[in-house]
Amino acid sequence: MTATALTTLDVSQTPVVPFGRLVSVELRKLADTRAGRWLLISIAALTLIVLIIQLSVVVSQDINATYADFMQGANAPMGILLPVLGIMSVTSEWSQRTAMVTFTLEPSRIRVMAAKFVGLIILALVALVIGLLLGALVNLLYGAFSGNDPVWGSVGKVILCYLVVWVLGMATGFAFGAVFLNSAAGIVLYFVYNFVLPAPFEIGAQLMDWFDTIRPWIDFNYAQGPLLDTTISGSEWGHLVTSGLIWLVLPLLIGVWRIRRAEVK
Amino acid sequence: MIKVEGLTRAYGSFIAVNDISFECKPGTVTGFLGPNGAGKTTTMRVMVGLTPPTGGDVTIGGLHYAAIPNPGRHVGVLLDASAQHAGRTGREVLEIGARTMGLAESRVDEMLELVSLDGREAKRRVRNYSLGMRQRLGIAHALLGDPSVLILDEPANGLDPAGIRWMRSLLKGFADRGGTVLLSSHLLHEVEQIADEMLLIGNGRIVARGTRDELLLNATGGVHTTLVTALDNGQLSMALTEKGYAVHVAGSGLRVTAEPVDVGRVAAELQIVLTDLRAGNEGGLEDLFLELTADTQRDTLPTEVPA
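If you read the protein sequences in the order shown, they are chains A and B.
Numbering of the first sequence is given in my numbering, commencing with residue 1 and proceeding in unit increments.
Numbering of the second sequence is given in my numbering, commencing with residue 1001 and proceeding in unit increments.
Simulated from the structure, these hints should not be mistaken for laboratory data.
Glycine included, C-beta positions come from ideal geometry on N, C-alpha and C.
Incorrect hints may appear among the rest.
FRET-style restraints, in silico, Cβ to Cβ [what the hints assert, rightly or not]:
| # | chain 1 | residue 1 | chain 2 | residue 2 | range |
| --- | --- | --- | --- | --- | --- |
| 1 | B | Glu1286 | A | Trp38 | 36 to 44 Å |
| 2 | A | Ala76 | B | Ser1013 | 49 to 57 Å |
| 3 | B | Arg1165 | A | Leu39 | 42 to 50 Å |
| 4 | A | Leu125 | B | Ser1013 | 46 to 54 Å |
| 5 | B | Leu1217 | A | Lys265 | 37 to 45 Å |
| 6 | A | Gly20 | B | Arg1124 | 24 to 32 Å |
| 7 | A | Trp38 | B | Asp1019 | 49 to 57 Å |
If you want the ones that stay clear, here's a sample from chain A, every Cβ over 10 Å from chain B, calculated [to be verified]:
| # | residue |
| --- | --- |
| 8 | Val57 |
| 9 | Ser60 |
| 10 | Thr66 |
| 11 | Ile80 |
| 12 | Leu81 |
| 13 | Trp257 |
Derived, one-sided and incomplete: chain A residues facing chain B with beta-carbon distance under 8 Å [what the hints assert, rightly or not]:
| # | residue |
| --- | --- |
| 14 | Thr14 |
| 15 | Thr98 |
| 16 | Pro198 |
Sequences and hints are given; from them, build the entire structure.
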């Protein structure tokens, strides 16, 4: 602070907050509360528990299982909880009203949202590493317990598929959070989209041939099926892109537009 | 330093802030006074870009808030001390701020010490803070980046009397070092002792402005009044009336339309013993405040305020 009574601010010594710093702050905010920390811990713990259950079932029932099968098991908790994390990273700023402080320290709301998004993607990558390692561990244990050789399949494809699934899941959660700016609404409607909507889509596809044809192009959950099976190829990537435009990109744009205009209370 | 020009904010047909203009100068404390819902908070929110204005303009040091790079280093803001994540510790709240602004971690300790939050309190979660502690934390957060401008909404809310005195000297010192302070309050006495200039706002409009003395003189229409109590009020009353001053009984004494020196002179001449003699405009500021903002008051005024 200068002692002289200046009526203009000298901003030459203070560069804009670097984007990397915003990302590191947003990452920190995901884990600096008891609730946030436990959500992260429980995602990893639940993944391990599900995998152990899956392992005991396949071993005791003498079922053949592959690395991709175990990754599908890991996806049960990851696929549900990563989007929840994505939703809450946005909505908690509103429910806890910290957005007021966040946006006064960085008035560019787009930059804050981008930093949050990048932070979540980094977290999704960490989750991927953890999931892949736990899956590999369980696959090795499967080999030891069942007496069969563990089947790894195309590890590269497994990594690629689950990278895409979890990054998309995290991003979709983020988009839902940004659209509703409310934890409860965001989570409930995300679950409706994820668990309830497939039923009418399925019925529609059974009853109407034309709907059956276009379904893969508009049903984001359905389009992610081949990723979970790690069999995705050709036009199935196209399904992922077009349905992703509807269920990920569109909500994301609406959410960002809404946050930019929102009066932060 | 802070310049508000023709600022208007409407919510549908409700006009929260109606064409207000003012300026806050460096080295001064500006008190923003008005009853709840008068438009103080809305004005401050527009200043820092949280609410878009319907019309008009606000600049800080010649810049729109959004154009200030790393604004926490220039403008300290406290709009709502309760707007913190309940699950974070007080210290963590400051650390997030310090990190965002790119400050050393030692700055967090300095600020905690400045606002008298000890190590144990800083480790507690904000959920368990009293309103007064949240205010202290909020003030620490506002001062974190060593700003030259402070914008504080109701900072004294929830502070105990010692805390209010502490904050007063803190802000006074800040202004004396060349800083610009804008603070709002709905309580006159919180502001009148530190504010170099006061803005009275009611119904979204600035209804009066000026220094304390200017407002006081305006409050009584330029007429001086004196409150006086004598051992023999009757004798004094007669003497003053003879001199042509208007005299009314007020409480245990008299209210006289004259300056204290005139009343004292009359008493001295007649050797009347006075037990109390003071300027009677003091209550005027409060009356003015209530009167000017009466339209937005929730409670009606009592017709006569006893002296």
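Hints not upheld, ascending by number:
1, 16
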